[in-house]
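Protein chains in written order, with the working numbering: chain A, -4 to 219; chain B, 50 to 276.
Please note that a few of the clues may not be correct.
[What the hints assert, rightly or not] Simulated pairs of lysine-lysine, DSBU-like, Cα-Cα distance not exceeding 35 angstroms: (1) A:Lys139 with B:Lys242; (2) A:Lys187 with A:Lys211; (3) A:Lys145 with B:Lys102; (4) A:Lys139 with B:Lys236.
What the hints contain is simulated information worked out from the structure, not anything from laboratory work.
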Amino acid sequence: MTEKEESVKLLGFWASPFSRRVEMALKLKGVPYEYLEEDLPNKTPLLLELNPLHKKVPVLVHNDKILLESHLILEYIDQIWKKNPILPQDPYEKAMARFWAKFIDEQILTLGFRSLVKAEKGREVAIEETREMLMFLEKEVTGKDFFGGKTIGFLDMIAGSMIPFCLARLWEGMGIDMIPGEKFPELNRWIKTLEEVEAVRGCIPPRDKQIERMTKIAETIRSA
Amino acid sequence: MATEDVKLIGSWASVYVMRARIALHLKSISYEFLQETFGSKSELLLKSNPVHKKMPVLIHADKPVCESNIIVQYIDEAWNSSGPSILPSHPYDRAIARFWAAYIDDQWFISLRSILTAQGEEEKKAAIAQVEERTELLEKAFNDCSKGKPFFNGDHIGYLDIALGSFLGWWRVVELDANHKFLDETKTPSLAKWAERFCDDPTVKPIMPEITKLAEFARKLFPKPQA
């Protein structure tokens, strides 16, 4: 198979778990790409042109095709570039990966971010509710190096970009130890393993900068 | 492939359950339909979907699959050698179909639902306007995806047809409730024709709920505030 003239561009944002996970996939598969950093909240005309409906990152442009939504982009990347597959082959395993991915970006993100910050029923309750959800993931990764099994996969990228490298910074800023080692030994082990993966290492937002940013967003939510 | 043990936990009125049923019909898969009683959740449901405790749940050879769109994709992949393909074959077309399916669930349906939950005329009017706007996008998406063919997926019903088509019963109920037509030959010519085709399809017709029955059920779910 000959190497065609391929053009891959990614519009992203340093703090966005959604664009960071796409970078992980591109790096893992050795896909050369041009990265265009958005200076959010100032959206470039390019972003608005490529994603007029949602006006959000990430946007992947592959030759003349525009891809939106991080989960869809990851699946697309996996189907086009076959090296280091990130989705399981087995239909049931695939369904489970998709299920947990949705769970992370919906339930975990809502409870672990907005609900926690607003803490309408009190901080302790919010922490408990978040931990209850995280316990599902603790079980999922038990006995495995990665959610994907022996190698890093789709779910690792989604969970990794969202939890340790994004939400955990918020929790740190709030002085919360959300996933203590004694309650979540498997998740903690998984985080350490993940941080050793080369494709991941370059996609972790700078810690202090991320804590500062998440804390600021929390303040905005609280005062809304 | 032998008929394996396939069960579906659901209810006649649920849009999301309907999606799973259409997919099963497309693939000619026999299944046991386990209907939930309104107002309570069975032990099997709670056990099979401990995370969300919601239907539909597909149980295939004792393994549960949850979330309607995930179930539809699973059915397409697990039975990929039988029946038509539900997802498009090209990765880009697949991404487009999934994109619009997500839009339908995350945005379009939210505005449709807010018509039923609207408090007062002003709120209702605003919700109606929003549905009009969002439906226009779906009309365009249909023209782009179908490329002149009868369905979003082309020659036969596919993922995106199922995603939107499963709402047609409820959509009609909302139209009647709001006294406003969304799907019509002048505003949404492509979708209006597609809707008829979809409802007439043999995989859909037997399971599309009766509108009067659905409207009655809607009144239970969304009781009108006492004047």
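Hint check:
no. : hint                   : result
1   : A:Lys139 with B:Lys242 : violated (50 angstroms)
2   : A:Lys187 with A:Lys211 : holds (27 angstroms)
3   : A:Lys145 with B:Lys102 : holds (30 angstroms)
4   : A:Lys139 with B:Lys236 : violated (53 angstroms)
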